[in-house]
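S.K.: Single-letter residue listing:
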Amino acid sequence: MSIEWYVVLSSLLFATGAMGILIRRSPIVILLCLELMLNAGNLALVAFSRMVGNQQGQVFALVVMVVAACEVVVGMGLIVAIFRRKLPLDVDELRELRG
Amino acid sequence: MEAVLFFVAAIGALGGAIGVIAMRNPFYSVLALIVHLFSLAILFLLLTAAFVAAAQVVVYAGAVMVLYVFVVAYVGGGTESAWESIPGQRLLAPLLGLALFVELAVAVLASSLLALGQDGPQVSSGFGDPAAIGYLLLEKFLLPFEASSILLLLAAVGAIVLAGRRSESAVESATGAASAGAPREREPDEAAPVAPPTGAPTR
Amino acid sequence: MSATTWAWLVLLLPLFGSIAVALGFRAIPARVAGVIGTAAVGLAFLCAIAALVNLLGEDAEARHHASSLWTYAGAAGLDIKLGIYVDQLSAFMMLVVTGVSALIHLYSFGYMRSDEGYHRFFSYLNFFVFSMLLLVLAGNFALLIVGWAFVGFASYALISFWYRRATATRAGMKAFVINVVGDIGLVLAAFLIFRELGTFDYSAVFAQAPHTFDRGEWTVTAICLLLLVGAFAKSAQIPFHTWLPDAMEGPTPVSSLIHAATMVTAGVYLIARTHVLFYLAPTAADIAAFAGLATLLIAGTIAIAQTDLKRAIAYSTMSQIGYMIMGVSIGAYAQGLFHLMTHAFFKALLFMTAGSIISAMANRQDIDRMSGFWRAMRFTSLMLVIGGLALAAFPLTSGFFSKDSILAYAEARGGIYTWMAIGGYVGAFLTALYTFRLVFRVLPGEPCEEAQHLIDTGELYHGPPINPANEEEEDTEIGFPGATHHVAEGSWPMAVAMAVLAAGALFAGLIQVPGVDNVLFGFLEPAFADSPLSAIHPTVGAEWRGLAIGGVISLVGIGFAWFLWVARPELPALFRRQLRPVYLLCLNKWYFDEAIDFLVVRPALAIGRFADSVFERFVVDGLVTGTKETVSGAGGIVRVVQSGFVRSYALLLLAGFAGLALYFLLSSS
Numbered sequence: 000m001s002i003e004w005y006v007v008l009s010s011l012l013f014a015t016g017a018m019g020i021l022i023r024r025s026p027i028v029i030l031l032c033l034e035l036m037l038n039a040g041n042l043a044l045v046a047f048s049r050m051v052g053n054q055q056g057q058v059f060a061l062v063v064m065v066v067a068a069c070e071v072v073v074g075m076g077l078i079v080a081i082f083r084r085k086l087p088l089d090v091d092e093l094r095e096l097r098g
Numbered sequence: 000m001e002a003v004l005f006f007v008a009a010i011g012a013l014g015g016a017i018g019v020i021a022m023r024n025p026f027y028s029v030l031a032l033i034v035h036l037f038s039l040a041i042l043f044l045l046l047t048a049a050f051v052a053a054a055q056v057v058v059y060a061g062a063v064m065v066l067y068v069f070v071v072a073y074v075g076g077g078t079e080s081a082w083e084s085i086p087g088q089r090l091l092a093p094l095l096g097l098a099l100f101v102e103l104a105v106a107v108l109a110s111s112l113l114a115l116g117q118d119g120p121q122v123s124s125g126f127g128d129p130a131a132i133g134y135l136l137l138e139k140f141l142l143p144f145e146a147s148s149i150l151l152l153l154a155a156v157g158a159i160v161l162a163g164r165r166s167e168s169a170v171e172s173a174t175g176a177a178s179a180g181a182p183r184e185r186e187p188d189e190a191a192p193v194a195p196p197t198g199a200p201t202r
Numbered sequence: 000m001s002a003t004t005w006a007w008l009v010l011l012l013p014l015f016g017s018i019a020v021a022l023g024f025r026a027i028p029a030r031v032a033g034v035i036g037t038a039a040v041g042l043a044f045l046c047a048i049a050a051l052v053n054l055l056g057e058d059a060e061a062r063h064h065a066s067s068l069w070t071y072a073g074a075a076g077l078d079i080k081l082g083i084y085v086d087q088l089s090a091f092m093m094l095v096v097t098g099v100s101a102l103i104h105l106y107s108f109g110y111m112r113s114d115e116g117y118h119r120f121f122s123y124l125n126f127f128v129f130s131m132l133l134l135v136l137a138g139n140f141a142l143l144i145v146g147w148a149f150v151g152f153a154s155y156a157l158i159s160f161w162y163r164r165a166t167a168t169r170a171g172m173k174a175f176v177i178n179v180v181g182d183i184g185l186v187l188a189a190f191l192i193f194r195e196l197g198t199f200d201y202s203a204v205f206a207q208a209p210h211t212f213d214r215g216e217w218t219v220t221a222i223c224l225l226l227l228v229g230a231f232a233k234s235a236q237i238p239f240h241t242w243l244p245d246a247m248e249g250p251t252p253v254s255s256l257i258h259a260a261t262m263v264t265a266g267v268y269l270i271a272r273t274h275v276l277f278y279l280a281p282t283a284a285d286i287a288a289f290a291g292l293a294t295l296l297i298a299g300t301i302a303i304a305q306t307d308l309k310r311a312i313a314y315s316t317m318s319q320i321g322y323m324i325m326g327v328s329i330g331a332y333a334q335g336l337f338h339l340m341t342h343a344f345f346k347a348l349l350f351m352t353a354g355s356i357i358s359a360m361a362n363r364q365d366i367d368r369m370s371g372f373w374r375a376m377r378f379t380s381l382m383l384v385i386g387g388l389a390l391a392a393f394p395l396t397s398g399f400f401s402k403d404s405i406l407a408y409a410e411a412r413g414g415i416y417t418w419m420a421i422g423g424y425v426g427a428f429l430t431a432l433y434t435f436r437l438v439f440r441v442l443p444g445e446p447c448e449e450a451q452h453l454i455d456t457g458e459l460y461h462g463p464p465i466n467p468a469n470e471e472e473e474d475t476e477i478g479f480p481g482a483t484h485h486v487a488e489g490s491w492p493m494a495v496a497m498a499v500l501a502a503g504a505l506f507a508g509l510i511q512v513p514g515v516d517n518v519l520f521g522f523l524e525p526a527f528a529d530s531p532l533s534a535i536h537p538t539v540g541a542e543w544r545g546l547a548i549g550g551v552i553s554l555v556g557i558g559f560a561w562f563l564w565v566a567r568p569e570l571p572a573l574f575r576r577q578l579r580p581v582y583l584l585c586l587n588k589w590y591f592d593e594a595i596d597f598l599v600v601r602p603a604l605a606i607g608r609f610a611d612s613v614f615e616r617f618v619v620d621g622l623v624t625g626t627k628e629t630v631s632g633a634g635g636i637v638r639v640v641q642s643g644f645v646r647s648y649a650l651l652l653l654a655g656f657a658g659l660a661l662y663f664l665l666s667s668s
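Chains as they are written, first to last, in numbering that gives the first Met the number 0: chain E, 0 to 98; chain D, 0 to 202; chain P, 0 to 668.
Calculated directly from the structure, the hints in this document are not laboratory data.
The hints are all genuine.
Across the chosen pairs, the derived CB separations fall in these ranges:
hint, chain 1, residue 1, chain 2, residue 2, range
1, D, Gly-76, P, Thr-629, 45 to 53 Å
2, E, Leu-86, D, Val-7, 41 to 49 Å
3, D, Ala-2, P, Tyr-662, 32 to 40 Å
4, D, Pro-86, E, Lys-85, 27 to 35 Å
5, D, Ala-146, E, Lys-85, 36 to 44 Å
6, P, Ala-610, D, Pro-86, 44 to 52 Å
Computed from the model, here is a short list of chain E residues facing chain P with C-beta under 8 Å:
hint, residue
7, Ala-17
8, Ile-20
9, Leu-21
10, Val-90
11, Asp-91
12, Arg-94
13, Glu-95
14, Leu-96
15, Arg-97
Ideal Cβ placement from N, Cα and C applies to all residues, glycine included.
Just chain E, same shape as in the assembly (with noise of 0.2 Å):
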C-alpha cells in the first residue's frame, strides 16, 4: 500500500478524534478521545518515516507517547481530584472560568 492510505488513515482518525472531544462531555472519554488525536498523528509519523526512508520519525513517534503518556497521567490526577471533592464529572458542569 503506498504510503497515502496511511497518512488519509491518520487524517480519518484525527478527525474523529476531533469530533470526539466535541460532543462527549465525560472528562475521561475527552481524554480518550485525545490519545485517538495523537495515535492518528503517531501514525502519519510513522508512515512518513518510512517514506522518508530514515528511522527518524519513528523516534520522534516514541517521544510523542512519552507525551500522551505523561498527559494522561495528569489527567487522570484531575479527574480523580475532581471526584474526590464531589464535583460532577461533566465539563458543562464545570464552568467558573466564564467571562
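Using the hints, position chains D and P against chain E.
M.R.: This is chains D and P only, laid out in the frame that chain E set:
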C-alpha cells in the same frame, strides 16, 4: 497480502475510534480504544516499525490503558446526560470533523509530493529494529530522550500532588469551599454561611 | 540715562509699588501704604519728566526710540519682544498719566482714609497705573494687548472695590464683559496685521503699511474697524458705552482716574498711535468720527436729565471723549491729545469735588437733595466752579483752547467735516448747559439738611451707611465704604491735589494759544508727520474766529443754565412735563441698555439654555454616552464567547484550525 492486512487493521482502528466516541459507558470506550491501539500496532508493523509497534502494545495498550481502567473503576461508569447544553454543538461537531478530514485528505492526495504515492524506498533489514531505534535514541536523540524522562518524572510528581490524599481538615475545608463555590450560581444565599465556619479554626 | 531707561523706570515703579503694598499689607500700616503708593507714582512722574528732558535734548526728527528687555516669542515667524517705544506721543501720554495719577493718589490718601480696604485700594490703583503705562509705552501690538487687558482687569477690580455691594459687583462685571468684547476686536485686528504685514512691531508695521496696503483697501479697513471696536469699548463710545455710567459704583478716586482721565482715553491713544493705518482706511476713520460726534451729542442730552451727580459727570466724560475721538479720527491728532490733557485736569478735578460733596452728603449722590453748598464748603465749591468753567470752555480756560482747536481743524479740513464742527459747537452748548445745571443746582440756594449741619456744627453730617443707588442699608465691615467720609476742607491731601488740578484746568491752555505759542503742537507734530492730514492747519484768523464762536456759545450756555436753574427754577419742571417723551428718552439713556439687553443678552442667554438642554443633553452626552454604550455593548457581545464551556472553546479552536488549513490549501493551489 499486505493490502488485506492493511484493510483489516484499518477497519479495526476505525471501528475502535468510532466506538470510543459513540459508547455511552466510559468503560466500553476504554475497551474500544484498546482495540484501536492494537490495530494501530498492526499498521506500525506493516510500516516496518517493529519497535514502535511493540512499544505501542506494551506501553500504550498495556500501561496507559490500565491506568484508564483503574480510574474508570474508581470513578464509576456514570453515563452522561443526553441533553445538549450548548446549542448547535451536536450539529457543528460532525460538520467540523468532516471539514477537517476533507481538508487533510485533499492536502495529502493533491500534494505534489510524489513519494506519497509509492510504497517507500527499499530499506535495510534492520529498519525499525530495536537496535536501530536504540542507537538513535542514545546517540543522536539523547537530549530528547533525557528530556522526556524528566517529563515523565514531572508528570508523576504532579499527578501525585494533584490527586494525593491530604489531611482530613484540609480536605473538608477544601470540599466545603469547593462545594460552596460550585453551586454558587444556583444558590448564592446558601454559599456564604457554609464557607466561613469550616475554614480557619481546624487548620 | 537715555529716555528709554527713564521710561522703563516709569513703567516699573508703579508695579513695584503695587507689589510692595500687596505683599506687605499685614505688616505695613495704612498711612505707609498710602505713602508708598503715592510716592511710586510721584517718582514715576519725575522719571517721566526726565525722559521728556532727554527727548527734548534731541533733534525733533530723532525723537523715537525702541527698547526691549527680552524676546517673548521668536519662532515660526513671530518676533514678539518685551519692548517699549518712546516717542513724542508716548512721552506725552506718560506725563499725563503719571501726573494726574500722582495727584489722584494724593487725593485718595485723604479720601479713602477710613476705608477698611485701604491697602488693597492703593495696590490696585498702582497696578492700574502700571497697566496704563504699559499700554501707552508698548512697542508692539502684542504688548499693547497685554496692557489693554490689564487695564480692563484693573478697572474691574476697582469698580467692584466695595465688593459686598451687589450693584458694584454687577457694574464691574458689566464693564469687564464689554471691555472683553473690545479686546476681541483688538486681538483680531492684531492678528490681521500680523497676517498682512508679518510683524507686530510698531516701527515695522507703520513703515510697511503704506507700501503693502492701497488706500481704501478692504483689509486695512477691516483692521481699522476691529481696532475701533476695541477703542470704542475702552473709551465708552456708542454702541459700547453702557458700562461707563454703571462704573460710577466705584469709589470717587477710581472714577476720576480711570473713568475720566486715563483708561477711557486709551481708545484715543490707540487711534492716534495707529494713525498711519487709519489714514489708509478713510472709511473706518469717517465711521469713527461720526460715532464720536454721535456720542458727543447723545451723551450731552442724557447728561442734562441725570440726577445722580457722578453719573452726570460720567456722561460728560463720554461726551468729551467723543470730541477727542472725532478729533483724532479726522486728523486732528495733536489737537485731540491737547483736549485729552486738559480734560484729564478738569474732569479729575470735577470728580474730586464731587467726591467731596458726596462725603458731605453722607454718601448720597442725588442732586435733587443737594443745595446751598456754597455757604457750607467754600473751597470745594470754588473748585467745582473752576472745573465747570474749564469743562464748559469758558474763555481763556484750558478747555476753551483745547476743544476749539479740534473744531477749528474740522472746519479747516472742510467738506463734511465742517458739519462735524457745527455738531461740535452744538455739543459745546449742551456741555455748558449741563455743567452749569450741576453747579447751579448744588451751590446756590438754601442749604440742604447736610449742608446746614456742616455750617452749624462744622462737622460732617452723619447718616446711616447706605447704598446710594438703591437706598439699601449697609454695615461698616470691609467690602463697604463705611460711615466715615472726608471732605477737602478737612483733608490737606485732597485740597492740595484739587488745587494743583485747578491750576492746570485754568492755565494749561496757555501753552497753546493760536498765534502766540506752539509748545504742545510743536512737540507732538513730528510724531504724526507721516500722515498728510497733520499738515492741515487752520489759519490763525480762522482759529481765533472759532475761539470767539466757542466763547460766545459757552457764555450763552452758562447764561441759559443760570436762567433755567437760578432765575426761574420752575421752568425745568415745566419742560419736563411738556416734553415728556424727550425727557424720558434722555433720562433712560436713550434706552441703549434695554436695546442691548434685547439684542445681545437675551439671545445669548437663549443660546445658553439651548446649549444646555439640547446640545449638551443630546449631542455631547449622546456622543459620550453613546461611545460608552457602544463599547460596553461590544464588550457584552464579545463576552458571550466566554461561556465557560470547554467544548465551545474546543469548537472554536478546531473551527479556527479548519479555516486556517483551508486558507493554506487554497493559497497553495
